[in-house]
Amino acid sequence: MASSHGTPPVFNNKVIAWIDHRLPIFSYIEKEYHTFPTPRNFNYFWNFGAIATVMLVLMIATGVVLATNYTPHVLMAFDSVERIDRDVPQGWLIRDLHMNGASFFFIAVYVHIFRGMYYGSYKAPRELLWILGVVIFLLMMATAFMGYVLPWGQMSFWGATVITSLFSAIPVVGDSIVTWLWGGFSIGNPTLNRFYALHYLLPFIIVAVVALHVVALHVHGSNNPTGIDPKGPQDTVPFHPYYTMKDGFGVVVFLIVYSLVVFFGPDMLGDAANYIPADPLVTPTHIVPEWYFLPFYAILRAVPDKLGGVIAMFGAIAVLFVLPWLDTSRVRSSTFRPIYKWCMLLLVVDVVVLGFCGANPPAGFWIPLSQAATLYYFVHFLILLPVLGKIERPLPMPPSIADAVLKKKAG
Amino acid sequence: MASSSVPADGHGDPTRRDFLMVATGALGAVGAAAVAWPFINNLNPAADTLALASIEVNVTPIEVGQAITVKWRGKPVFIRHRTEKDIKEAEAVPMSELPDPQTDNSRVTDTAKKVRPEWLIMIGVCTHLGCVPLGNLPGQDKGPYGGWYCPCHGSAYDTSGRIRKGPAPLNLAIPQYLFLSDSLVRIG
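The listed protein sequences derive, respectively, from chains U and D. Everything in the first sequence is counted per the working numbering, starting at 4 for the first residue and increasing by one. Everything in the second sequence is counted per the working numbering, starting at 2 for the first residue and increasing by one.
Any given hint might turn out to be false.
As the list claims (entries may be wrong) - Restraint ranges, calculated between C-beta atoms of paired labels, are given here:
| no. | chain 1 | residue 1 | chain 2 | residue 2 | range |
| --- | --- | --- | --- | --- | --- |
| 1 | U | W345 | D | L53 | 57 to 65 Å |
| 2 | U | L349 | D | P39 | 22 to 30 Å |
| 3 | D | G140 | U | V325 | 47 to 55 Å |
| 4 | U | R86 | D | N42 | 29 to 37 Å |
| 5 | U | I314 | D | L53 | 32 to 40 Å |
| 6 | U | N192 | D | R117 | 49 to 57 Å |
| 7 | U | P27 | D | T25 | 49 to 57 Å |
| 8 | D | E85 | U | L349 | 56 to 64 Å |
These aren't lab readings, by the way, just hints derived from the structure by calculation. Even glycine gets a Cβ: it sits at the ideal position worked out from N, Cα and C.
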């Protein structure tokens, strides 16, 4: 699709050659997934794009099967999910794969995002690639949120109430927007219906954006742990069999961990309150979103003002869109950035701390802790990133990927 | 720019063709917006949802100091039969202490402008992010101001349902209601 590498492939099979002459899908696969020159020094962090793709396919497959037994109606949704769990052949398995699949999809994507940030994969010329990734992340959040509403348990209902009510913070038109989102005066049957429709639609839009993400990736190829561009054939290996094997291995290890949770702790990551049918008149004493939203939920609650909290929470994601321009350093990989490396690792700790803050009631020391963690989050992006790029002295860089690899082997 | 009156660089006076292009484009945009509107408006509440807009409640069985919750438009409505102490406390609060200043009297007036301080009728939805505050049932945490307390994000309301502490920006909302007699109230 992009840069030309190698000569066009010749197909010996006559049928394949006939098709390829008219619709060059085999040439495309050959060029982009076989001979595609890929930096030879990937570490295991580079597995998570492939892992996330596998999880996306798995979520769509299990989701389509679940949809055949699910009923999107306030009186029947909860029971239809219980029926899937108890009566439908292997329904329990498909459902546990789907609900834990969401968690593991987010695990893969969070590691993938960390990889991009630590090794500076978002920097020129990969800014659009990064932005498409943030779009995928946003679509995933919307899809996961609406999917969590479908079982119509107490957390479904009240989580949906809290999150949709965020929009009521918008001045003047906020309440009209919320009524419009709900299709009524509260979360109800119209809301459940539309969330179901969108929950089915959005994954396919994610697939489309992932396709664009991959097209953009294959224009300049992958970044690598040194952040140095490949300078010639000595720096790269063909994608197949080297990285098909390495990705395949990573996917299998990841799926083993995922299977352990699916089979031995399917409700480990969920909230027990969601096995109580939704009751619009009783709010659970402690509402928490799913774990993958907790850091953002903590940021929402850290600001003691309704509109301010909502702005901070959306800002925490919006800041990722401009990340390529906030970072002023020309060095991609944190390996060669002695100060930034620690800031980046501190950000990981910070996000985990925010996660714990989001999981606990907003009282006592959790309030100042979540405020401090929120402050660091924004300081990292808005102050450290632009300033460090100017004042930090990077470590000496190896002349090429091959040099870096061979030196490491020799040392 | 096919017209001969336009110089080759295209920076001449607007021609009849330019006008037609802009007019066609503008009309197309209006048409697209007109077609988009039914799709957007389709998501607004339907007629049957709107039809559930009012209910009537008999308040005779509610003892002084007791409160009930009824469902209106899918939301809980709190009806509290306030004690003398509740009313006195609510009336004694200076306006300067309220984030959303409202007199207690204005919150217990029905649509016929009749004030009934013993009956406080409110939508039981926290104005922060929509949880149902505690305090309507006996034994529930009424919060530091003796009214309601939202466990989700810690907003506390007084005996008039006014916000006193926490992230909620507004007092608990008062629906439109009318006492049809001393025992029957219509909400909505």
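Hint numbers contradicted by this structure: 2, 6, 7
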